[in-house]
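Since each chain sits alone in its own frame, please combine them into the complex, following the hints.
Each protein sequence line maps, in turn, to chains A and B. Quick note on numbering: the first sequence equals residues 1 to 112 in our numbering. Quick note on numbering: the second sequence equals residues 1 to 115 in our numbering.
None of these hints come from the bench; they were simulated from the model. Think of the CB as a built atom: it goes at the ideal place given N, C-alpha and C, for glycine as much as any other residue. Honestly, I wouldn't trust all of these hints.
Said to hold, decoys possible - Derived DEER-like restraints, expressed as beta-carbon distance ranges:
#1 Gln71/B / Lys9/A: 37 to 43 Å
#2 Ser22/A / Lys77/B: 23 to 29 Å
#3 Asn68/B / Leu112/A: 24 to 30 Å
#4 Arg44/A / Asn55/B: 26 to 32 Å
#5 Ser100/B / Glu69/A: 18 to 24 Å
#6 Ser22/A / Thr20/B: 35 to 41 Å
#7 Lys83/A / Pro40/B: 25 to 31 Å
#8 Ser60/B / Asp38/A: 24 to 30 Å
#9 Glu66/B / Asp38/A: 28 to 34 Å
To be verified - Stretch by stretch, here's where chain A covers chain B in the computed footprint (C-beta under 8 Å, at least three residues):
#10 55-69
#11 105-112
As the list claims (entries may be wrong) - Partial selection, computed: residues in chain B whose CB lies under 8 Å from chain A:
#12 Lys77
#13 Leu82
#14 Phe90
#15 Ser100
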Amino acid sequence: DGGITQSPKYLFRKEGQNVTLSCEQNLNHDAMYWYRQDPGQGLRLIYYSQIVNDFQKGDIAEGYSVSREKKESFPLTVTSAQKNPTAFYLCASKRTEPRELFFGEGSRLTVL
Amino acid sequence: AQSVAQPEDQVNVAEGNPLTVKCTYSVSGNPYLFWYVQYPNRGLQFLLKYITGDNLVKGSYGFEAEFNKSQTSFHLKKPSALVSDSALYFCAVRAYSGGSYIPTFGRGTSLIVHP
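If we strip away everything but chain B, and leave its shape as in the complex, we get (with noise of 0.2 Å):
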């Protein structure tokens, strides 16, 4: 079965420190691998894929990610965390499911940074 992974329910940083935020998955064939960003009572926007190509990945509001393939892993990076960054994180795979590619959401982390 395929399937996305968010071990941590929460993750707590400090402003001003790194942070990351784990993704592992499992999929058949070549993964395609998405984190969205939600704060409360709003949809999910988009924050960066992974297609094919370098295995760190830029996106919105300088948040990158690592694309490991021996580790099956997507995690979620910033150098230097803000206050305004907490919020609840998903990751996404496209899974094959039923004859169509199905978006598949991960349970979400919830990022808090301290000020």
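Isolated chain A, as found in the complex (with noise of 0.2 Å):
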């Protein structure tokens, strides 16, 4: 079946580690996504990709790495920079517009 798969689904990480997320589709989609969500703060734009080796910083980009070596994968790191990196991300991707995305299950990161 396809879809969106990322791992792992909980990480905790001690402070001044740099962790990555994994991102893994087999949709065949362009564009793919990192959102960030808190609570009561909606889903806020990490990074984003439209194309293999292209990305674009989203709204909150500091503090976080991404790259785009392979059209199916688009991993994220959370960096030691990162100031307040205990969230739930979720990656996503998308067909050319009008699309809707398709989302992973999400990764829960807890800095301890």
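Here is the structure:
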């Protein structure tokens, strides 16, 4: 079945450590997105990529990095520079406009 | 600036009663509007969208939404609520930013359906 797979589902990290969240899709979608979700704040865009080997910063990119070396994969690294990384992270993808987003099941990161 | 607003943090309704979750938007050009639902600790699921055409859009699980251009609204509705409809609902708009069309979300509305 086609879909988006995020891993790990839950992740714990010590302060000062970098961590990478995986996002893989087999939907043949060109565009991929990373959102951060905090209670009461909705979804905020971190990074997005419209095509392989290209990506742009979203509204809250500071402290995060991404790569898009393959169409299927869009990993997100939460660096030690991110001051408040504890959150629920959602990856999504879609075909060209005007399509809806397909979401993964999310990754919950907790910094200890 | 292009944005979407959900004025209610929470909506409470009794099972069997009609429900409405409100959404207003502000975009330049033609709006592309979406509703998504999220269950606890899960990703978002697409419910319905308005691109063009009939102002009343029907979607999954018996939900529908009415596009009102003069009021810049896209309210989500269901004639008869179920307890299983209890979830977090997000309205989204396609917004133009930095040379690309970016999905922009409201803050979400928690729907609670009481038995």
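Structure-based check of each hint:
1. Gln71/B / Lys9/A: 37 to 43 Å: holds (41 Å)
2. Ser22/A / Lys77/B: 23 to 29 Å: Because 38 Å falls outside the window, the suggested range is violated.
3. Asn68/B / Leu112/A: 24 to 30 Å: violated (48 Å)
4. Arg44/A / Asn55/B: 26 to 32 Å: Roughly 30 Å apart at Cβ, these two residues keep to the hinted range, so it holds.
5. Ser100/B / Glu69/A: 18 to 24 Å: holds (20 Å)
6. Ser22/A / Thr20/B: 35 to 41 Å: holds (38 Å)
7. Lys83/A / Pro40/B: 25 to 31 Å: holds (26 Å)
8. Ser60/B / Asp38/A: 24 to 30 Å: Between Ser60/B and Asp38/A, where Cβ atoms are some 26 Å apart, the hint holds.
9. Glu66/B / Asp38/A: 28 to 34 Å: holds (30 Å)
10. 55-69: With 0 residues in contact (Cβ-Cβ under 8 Å with chain A), the coverage given for the region 55-69 of chain B is violated.
11. 105-112: Contact hint for the region 105-112 of chain B vs chain A: holds, 4 residues under 8 Å.
12. Lys77: Since the shortest Cβ distance to chain A is 19 Å, the answer is violated.
13. Leu82: At about 22 Å, which exceeds the 8 Å cut-off, the nearest Cβ of chain A leaves the hint on Leu82/B violated.
14. Phe90: Holds. Min distance 7 Å.
15. Ser100: Status holds, d = 6 Å.
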